[in-house]
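Student: Sequence:
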Amino acid sequence: MGRLWHRQQVFSLLDVLNRSSDSSRHACAFIGAGDAVASYADLRQADVFLIAAGDDQIAACCSALAAAGKLRPGSIVFHCSGALSSLELVSASELGAVVASIHPIRSFASPQQVADHFSGTWCGSEGDAAALAVLGLAFNAIGAQLVEIQRDQKTLYHAAAVFASNYLVTLIDVAQQAYAAAGIAPELALKMIEPLLIESAANAFRLGPAAALTGPIARGDLATVTRQHQAVQQWQPQVAALYEQFALLTTDLAGRKKNGQS
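Note that the sequence shown ends on residue 282 in our numbering; no numbers are left out.
Keep in mind the hints are simulated off the structure, nothing from the lab.
Treat the hints with care, since some could be wrong.
FRET-style restraints, in silico, Cβ to Cβ [unchecked claim]:
(1) Pro229 <-> Ala202: 24 to 34 angstroms
(2) Ala179 <-> Asp35: 45 to 55 angstroms
(3) Arg45 <-> Ile218: 36 to 46 angstroms
(4) Ala80 <-> Gln253: 26 to 36 angstroms
(5) Gly94 <-> Glu264: 46 to 56 angstroms
(6) Ala205 <-> Gln250: 54 to 64 angstroms
(7) Leu216 <-> Thr246: 21 to 31 angstroms
(8) Leu268 <-> Ala149: 39 to 49 angstroms
Even for Gly, the Cβ is constructed at its ideal location relative to N, Cα and C.
Could you build all of it, start to finish, from the sequences and the hints given here?
Tutor: Below you can see the structure in the form of structure tokens.
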């Protein structure tokens, strides 16, 4: 985001403080602006502060920023955590700063790729109106689409993203392992999974999950489901438990498909 804001001349980036000097210098090089600093005391006064630390360090970083005397009434402090709300920034609020959390709903496995294709990214946002007024314009300037979320449902909101992203990757891994256990080379297994997954996902987005559902449960072929569960149980009991849980959820989804619900 710093890279994009610098490119679009949205913000003038002053300083970057990371866990190590090398990391700070690398970040500044990637962004194309800013100075790497070694401590909170070295940070210059700014209008906006972004805390992009790990979730378990956000509150501590905010407290350190506040203790360093860098905040004043009207300063904007925000973080990008998907799981935590802007309440993590209470130490800034106590000094009169306005706070927010804005979470880009993207996988950041490749920061360069995200920076090159950020336009259209949905971002869950909540916090003080004064902070969101400024940050909303800044995010819109780099192509983001903000969606307001409930502060007290932030963890459930983030769980939805984990289901859609992280656990999908885990399911691909499980499918690859099952194919491999059935005698198919892992590399070939991924090639077999790819078109199936892409087509199923495209149908779900185009038609809705219920209408897109196919397979033995949707057909009412419970004998096949039972045989599959037994085969998975013999191969990997832990995965069989996952299969069973998904079968229950899919049965519910199949019921909605039968009733014409989306």
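Student: For each hint, tell me whether it holds in the structure or not.
Tutor: Against the structure, the hints:
no., hint, in the structure
1, Pro229 <-> Ala202: 24 to 34 angstroms, "27 angstroms, holds"
2, Ala179 <-> Asp35: 45 to 55 angstroms, "34 angstroms, violated"
3, Arg45 <-> Ile218: 36 to 46 angstroms, "39 angstroms, holds"
4, Ala80 <-> Gln253: 26 to 36 angstroms, "45 angstroms, violated"
5, Gly94 <-> Glu264: 46 to 56 angstroms, "55 angstroms, holds"
6, Ala205 <-> Gln250: 54 to 64 angstroms, "25 angstroms, violated"
7, Leu216 <-> Thr246: 21 to 31 angstroms, "22 angstroms, holds"
8, Leu268 <-> Ala149: 39 to 49 angstroms, "43 angstroms, holds"
In terms of the numbered hints stated before, the structure departs from hints 2, 4, 6, listed from lowest to highest.
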